[in-house]
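**Student:** Chain by chain, the residues:
Protein chains: 2
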Amino acid sequence: MSKRVAGPEIERLIQLLAKLPGLGPRSARRAALHLVKKRESLMQPLTAAMGEALEKIVICRTCGNVDTSDPCTICCDPRRDGGVIIVVEDVSDLWALERAGAINARYHVLGGTLSPLDGVGPQDLNIESLVTRVREGGVREVILAVNATVDGQTTAHYVTDLLANTGVSVTRLAHGVPVGGELDYLDEGTISAAIRSRTTF
Amino acid sequence: MSKRVAGPEIERLIQLLAKLPGLGPRSARRAALHLVKKRESLMQPLTAAMGEALEKIVICRTCGNVDTSDPCTICCDPRRDGGVIIVVEDVSDLWALERAGAINARYHVLGGTLSPLDGVGPQDLNIESLVTRVREGGVREVILAVNATVDGQTTAHYVTDLLANTGVSVTRLAHGVPVGGELDYLDEGTISAAIRSRTTF
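Keeping their order, the protein sequence lines are chains Z and W.
Just so you know, we're using the numbering used here here: the first sequence kicks off at 1 and counts up by one.
Just so you know, we're using the numbering used here here: the second sequence kicks off at 1 and counts up by one.
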């Protein structure tokens with residue numbers, strides 16, 4: 001695969017596309033060809049959209065969200081309950097929570113999870129800024145909406161310990177059967193959690 | 001998934017990225033976030049590379065190859081044997097053959113295969129230009145290097161019929177066991193073909 005057969009412009013495009021998550025060398029080649037073929041309908045608008053994103057998109061220094069303003073729209077929104085901070089691993093999780101529209105709070109994006117094996121320590125995540133936000137006051141509750149993975153739970157425990165003396169209530173998302181989920185397809189851990197956390201009907 | 005939670009700039013970027021082959025709505029979101037995070041190291045160079053590709057890359061009107069000049073480098077190369085034209089479905093197949101470096105001929109990119117079910121007829125492919133190239137003379141052999149799929153073989157038969165009275169020799173790639181392949185993992189069709197086309201050892 002290392003032999004270069006296309007011109008340098010398209011090879012460079014392929015190399016860069018291959019750095020996107022979900023695209024390997026082969027699919028990056030397909031994507032580059034697709035772009036060349038759909039020049040007017042895709043390559044031009046995508047180049048323009050990326051140029052505009054480059055110009056306008058910033059990362060919010062308060063919460064780590066991706067937006068066109070810093071502080072971001074969510075941090076600036078007076079209708080949001082500033083007393084509740086939802087801690088998420090990634091901006092995509094923030095988007096998922098916003099799509100659900102279940103709560104009208106503010107967010108804090110950690111930017112990943114603690115992962116000693118991958119060399120990710122507390123200093124690599126936005127944990128210190130979370131503690132600062134909480135210490136500045138006005139926060140009643142921190143909801144840990146990290147993923148239910150080992151690394152996610154490790155991070156949740158670490159953050160809980162750090163916030164132990166701040167007086168805020170630290171909560172986590174409920175474990176249970178997904179809505180519309182079938183028991184037969186669920187793992188034992190989830191079923192056990194759903195049994196333990198059962199509610200009156 | 002239809003609810004828009006990010007700003008319009010990033011939503012537009014996600015929508016366009018989702019049109020790339022291999023990326024769905026979810027992976028397009030991941031890719032867009034990755035781009036925003038790797039602003040300097042990926043989004044800037046990728047935008048520049050796409051801008052350069054937009055400016056420079058054209059499709060060769062002779063063979064359908066993708067290059068920075070029309071006619072393309074391969075069509076212009078005097079060291080290539082112009083007497084042999086390798087017919088491929090797509091530019092990616094041309095690249096695969098060039099990587100193998102097995103033959104120093106010219107190419108003709110059909111741009112797909114005949115597929116009546118998908119409404120792809122001969123007028124949608126670069127078949128007429130192939131016949132024109134062959135009729136213009138100087139061509140001894142047309143190698144049909146289309147994929148060994150039903151649509152590919154249908155296309156091969158169609159092209160062969162069209163070239164029947166031109167006097168050029170029409171050949172196709174050999175079927176057989178892939179080099180390094182294990183018999184146990186091969187389908188019966190390939191094994192039968194390899195038996196039929198056996199050679200002296």
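Take the hints with a grain of salt, since some may be wrong.
Said to hold, decoys possible - With a straight-line Cα cutoff of 20 angstroms, these simulated EDC-like cross-link-like pairs (lysine to aspartate or glutamate) come out:
{"#": "1", "chain 1": "W", "residue 1": "Lys37", "chain 2": "Z", "residue 2": "Glu52"}
{"#": "2", "chain 1": "Z", "residue 1": "Lys37", "chain 2": "W", "residue 2": "Asp93"}
{"#": "3", "chain 1": "W", "residue 1": "Lys56", "chain 2": "W", "residue 2": "Glu40"}
{"#": "4", "chain 1": "Z", "residue 1": "Lys38", "chain 2": "Z", "residue 2": "Asp81"}
Because the hints were derived from the structure by calculation, they are not lab data.
**Student:** Next, verify each hint and record whether it holds.
**Tutor:** Hints versus structure:
no., hint, result
1, Lys37/W to Glu52/Z, "holds (15 angstroms)"
2, Lys37/Z to Asp93/W, "holds (15 angstroms)"
3, Lys56/W to Glu40/W, "violated (23 angstroms)"
4, Lys38/Z to Asp81/Z, "violated (45 angstroms)"
Taken one by one, the earlier hints fail for this structure at numbers 3, 4, listed in ascending order.
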